[in-house]
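Trainee: Take a look at the letters that make up each chain.
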Amino acid sequence: MSLSELGRVLWRSRRVTEPLGSVDASTSGSRDLVGSLQLRHVDAGSCNGCEIEIASVFGPVYDAERFGTRLVASPRHADGVLVTGPVTRNMAVPLIKTVEATPQPRVVIAVGDCAHDCGVFRGGYGVVGSVSDLVPVDVSIPGCPPHPTAIIEALRGITRR
Amino acid sequence: MTAGVLVVVGALLGLGAATAGASLPRGLRVPAAAALIWAACGCEAAAAVHVLATGRPIVLRSTELLPLTGVTLVLNTLGGVFVLLVVMVAVPAVLYGIGYARHGLDTRTAACVFPLFITALFLVPTAGSVATFMVLWELMALTSLLLVLVDHGRSEASRSAATWYAVLTHVGAAAILIGFLILAAHSGGQTFAAIAVHARHLASGVRALVFMLALVGFGSKAGAVPFHVWLPKAHPEAPSPVSALMSGAMVALGVYGIVLVGDDLLGGGPVWWWLVVLVLGGASALFGSLHAASSTDLKRLLAYSTTDNIGLVLLAVGAAGLFDATRHPLLAALSLVSALVLLFNHAAFKGALFLSAGSVQAATGSRDLDRLGGLLRRMPQTGALFLVASAAICALPPLNGFIGEWLLFQSLLHGAAIGSTAGDIAIPLAVAALALTAGLSVVAFVKAVGIGFLGRPRSASADEATEVPGTMRVAVGLLVAVCVVLGVAPTLIFPAVERAVRTALPGLRTPVLAHGVDLQVVGLRGMLAPAALAGSLAIAVVGVMVLRRALSRQPTPRVVEAWGCGRQLQTARMQYTATSFAEPVQRVFDDVLRPVQDLDVTHVAESRYVIESVTFANTVDDAIERGLYAPVIRVVRHWGQLSRRLQPGSVHRYLAYGLGALVIVLVAVAVMG
Numbered sequence: 001m002s003l004s005e006l007g008r009v010l011w012r013s014r015r016v017t018e019p020l021g022s023v024d025a026s027t028s029g030s031r032d033l034v035g036s037l038q039l040r041h042v043d044a045g046s047c048n049g050c051e052i053e054i055a056s057v058f059g060p061v062y063d064a065e066r067f068g069t070r071l072v073a074s075p076r077h078a079d080g081v082l083v084t085g086p087v088t089r090n091m092a093v094p095l096i097k098t099v100e101a102t103p104q105p106r107v108v109i110a111v112g113d114c115a116h117d118c119g120v121f122r123g124g125y126g127v128v129g130s131v132s133d134l135v136p137v138d139v140s141i142p143g144c145p146p147h148p149t150a151i152i153e154a155l156r157g158i159t160r161r
Numbered sequence: 001m002t003a004g005v006l007v008v009v010g011a012l013l014g015l016g017a018a019t020a021g022a023s024l025p026r027g028l029r030v031p032a033a034a035a036l037i038w039a040a041c042g043c044e045a046a047a048a049v050h051v052l053a054t055g056r057p058i059v060l061r062s063t064e065l066l067p068l069t070g071v072t073l074v075l076n077t078l079g080g081v082f083v084l085l086v087v088m089v090a091v092p093a094v095l096y097g098i099g100y101a102r103h104g105l106d107t108r109t110a111a112c113v114f115p116l117f118i119t120a121l122f123l124v125p126t127a128g129s130v131a132t133f134m135v136l137w138e139l140m141a142l143t144s145l146l147l148v149l150v151d152h153g154r155s156e157a158s159r160s161a162a163t164w165y166a167v168l169t170h171v172g173a174a175a176i177l178i179g180f181l182i183l184a185a186h187s188g189g190q191t192f193a194a195i196a197v198h199a200r201h202l203a204s205g206v207r208a209l210v211f212m213l214a215l216v217g218f219g220s221k222a223g224a225v226p227f228h229v230w231l232p233k234a235h236p237e238a239p240s241p242v243s244a245l246m247s248g249a250m251v252a253l254g255v256y257g258i259v260l261v262g263d264d265l266l267g268g269g270p271v272w273w274w275l276v277v278l279v280l281g282g283a284s285a286l287f288g289s290l291h292a293a294s295s296t297d298l299k300r301l302l303a304y305s306t307t308d309n310i311g312l313v314l315l316a317v318g319a320a321g322l323f324d325a326t327r328h329p330l331l332a333a334l335s336l337v338s339a340l341v342l343l344f345n346h347a348a349f350k351g352a353l354f355l356s357a358g359s360v361q362a363a364t365g366s367r368d369l370d371r372l373g374g375l376l377r378r379m380p381q382t383g384a385l386f387l388v389a390s391a392a393i394c395a396l397p398p399l400n401g402f403i404g405e406w407l408l409f410q411s412l413l414h415g416a417a418i419g420s421t422a423g424d425i426a427i428p429l430a431v432a433a434l435a436l437t438a439g440l441s442v443v444a445f446v447k448a449v450g451i452g453f454l455g456r457p458r459s460a461s462a463d464e465a466t467e468v469p470g471t472m473r474v475a476v477g478l479l480v481a482v483c484v485v486l487g488v489a490p491t492l493i494f495p496a497v498e499r500a501v502r503t504a505l506p507g508l509r510t511p512v513l514a515h516g517v518d519l520q521v522v523g524l525r526g527m528l529a530p531a532a533l534a535g536s537l538a539i540a541v542v543g544v545m546v547l548r549r550a551l552s553r554q555p556t557p558r559v560v561e562a563w564g565c566g567r568q569l570q571t572a573r574m575q576y577t578a579t580s581f582a583e584p585v586q587r588v589f590d591d592v593l594r595p596v597q598d599l600d601v602t603h604v605a606e607s608r609y610v611i612e613s614v615t616f617a618n619t620v621d622d623a624i625e626r627g628l629y630a631p632v633i634r635v636v637r638h639w640g641q642l643s644r645r646l647q648p649g650s651v652h653r654y655l656a657y658g659l660g661a662l663v664i665v666l667v668a669v670a671v672m673g
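Chains A and B are the protein sequences, given in the same order. Counting in the working numbering, the first sequence runs from 1 upward without gaps. Counting in the working numbering, the second sequence runs from 1 upward without gaps.
Be careful, since some hints might not be right.
Footprint (simulated), chain B over chain A, 3 or more residues, beta carbon under 8 Å [unchecked claim]:
no., segment
1, 52 to 60
2, 91 to 100
DEER-style ranges, computed between Cβ atoms [said to hold, decoys possible]:
no., chain 1, residue 1, chain 2, residue 2, range
3, A, H77, B, V610, 48 to 56 Å
4, B, G439, A, G35, 35 to 43 Å
5, A, H77, B, S613, 49 to 57 Å
6, B, T107, A, Q104, 56 to 64 Å
7, B, P469, A, Q104, 26 to 34 Å
Taking beta-carbon pairs under 10 Å as the criterion, some of the chain B residues facing chain A (in silico) [said to hold, decoys possible]:
no., residue
8, R108
9, V431
10, E561
These are computed hints drawn from the structure, not numbers from a lab. Glycine is no exception: its CB is placed at the ideal position from the N, C-alpha and C atoms.
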């Protein structure tokens, strides 16, 4: 999100929070996590562009918590894992362990192009592979970085709210 | 008369057990001594039950046994309760000792002294005169001292512990002896009956002096602050059955002494005596529970917890005296009942805990919680028994600890408005101390169970631990069964306890507790239905289990590694330790505990930004020992050094001393003659 876009958003809004359209119910097949989705975020080697967008998603402007999603501090409290970045060597085992530690039913959401297919880091000497090479991915959000509305749309596809 | 024979036969059987232990060959001596001491316990228990059932004391006299004074044995209802308490701990402890024998209890000395210790324990409450009492009391102190020293060849710590114990217990014995001598001198007789008649008419200063001496003497045996320092040293070093007896029974006899002198002999006293007892009790309870919460040695934790529990008992004894002095006989009786019930409870669960700590030590070779872990899986029965006993000591219903603390709370809460200024200040503070103590002891035992028995083993020896022999488990099981029975049906022992209270507080006319299945405090609003409580708890637990099974959607749970922040390398040493668990408590109560922490960081020679190694040491030693005893020991040592100048080893100088003394005597005779 560029600075001018943010300025426009702030200028326009009476309410700070962006109004969003109705949910597209066809995104996810599973009905297990409808209504509430607690997420543990794992940075598997991201450039932190996606992190800034995620911070914005859970910030006051886009406020994803109104759709039943929330960031939590431990995979033991979570229903899903939000993964960003290509998976680097140091983060491969922690990523697998984090997903393993999340109780089922769970979703693994790959945020950004790097999580999807390593993006510009493909073939880097420290990169093990994309997220789906290591753990089964349920939802993939394209973009470098993805727009907050794209992330929210994907999350709402799971919570159906 | 038949009951009197039982007391004598019990004592003789005890001596027979000691003889058997000393004379029989190694394989035979422990079981033979055990059989004889069980028979002795049976006789004494039968005599005590007889006294408690009829209410008539047993009186025995012999002029031949002890020269000059003779022996007087009087078993009244108060003593009878304590005899039962001793027997209750002794029977399982002896059974445990059979399995534990190869850990130092099968030597000739130990096999002889252990039965002698038990004999002394159950005879002390039957002593009926000063001389008899002091002989038995010293026998008890010396035999327990020898038992602390069983391991002396192997560890320096046990020698040091024995020295501390010997000094404190003998300072205590001296105080008791002086107190009794003052009483006997003023009464014209040395039997307790004669003293009880005359002591009421003594000058108040003399009475106060005697009571304070008794408080110091018996307090040092009971492990009350500030005389508790021997407990955390001697209990860990003694073999576990001995620790169980020392902590469960011997310490209780310290309280017996205070009740004997304060209520039975002196017939109660002014309010300030009992405020002193109350303060001593409150301080012991808080100090003990704080140290228990921060200890990492399992048996040291249990020893401090003994100080904590004895503090609660002294709180109850002090409150009883306070209510008696302010003419509230019902409240006084209720407090004293709660004191005796607390002692019974403490004997049951602390006995079980010390015995299971011994099992842990026998199985793993360690008492250090930071080196244990995962024992519940490796020693399931010992672990389960330890868990139940811990729940009992944390005063969780439906176990016995809850009943004792409930009674104490009832007496204190009803006593908050007795209309005496001292009481109005002391009683609410006592309630607060009791509440804080209860919380801290929960911390201590959550730590003991959580760190010691749950999680993964922190050392190879804990990993290889196997369950201990059956006799040891059965012994712990007996005491845990007592915890459960006294928790569900406490009214079983109340008639006996109430009879005992009537001996100590003769002014009581009405019954204190209504006897039935439920507990009801007569004349006050207080009621508890332990059986119904236990039943509803059982129904709730079963209900939750059934519901969980019925509603569970996932039939087979997935087993994954414990969550450790996704670390690649995860070892058992990364678990919570006893030290880290206690750290918040230690930090909050920094001013009382005064821990010594030492952080030593070594940098790599090339750069001070790169650390080579970090050493952290955290020790919580006893602030009272450091602040109160260390200076005294320094002064005594200094005087000892000075006195050595008089004895340099020169024969000439010694001859000169002799000549000088002779001259002085001659001059004195010449001047005075």
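Trainee: Indicate, hint by hint, whether the structure satisfies it.
Mentor: To see whether the hints hold, each was checked on the structure:
1. 52 to 60: violated (count 0)
2. 91 to 100: Answer holds; 6 residues pass the 8 Å Cβ test.
3. A/H77 / B/V610: 48 to 56 Å: violated, 37 Å
4. B/G439 / A/G35: 35 to 43 Å: holds, 39 Å
5. A/H77 / B/S613: 49 to 57 Å: Since the Cβ atoms of A/H77 and B/S613 sit about 36 Å apart, the hinted range of 49 to 57 Å is violated.
6. B/T107 / A/Q104: 56 to 64 Å: holds, 59 Å
7. B/P469 / A/Q104: 26 to 34 Å: 44 Å Cβ-Cβ, so the 26 to 34 Å window is violated.
8. R108: Violated. Min distance 58 Å.
9. V431: Where the cut-off is 10 Å and the nearest Cβ of chain A is about 39 Å from B/V431, the hint is violated.
10. E561: holds, 7 Å
Of the numbered hints stated above, those contradicted by the structure are hints 1, 3, 5, 7, 8 and 9, listed in ascending order.
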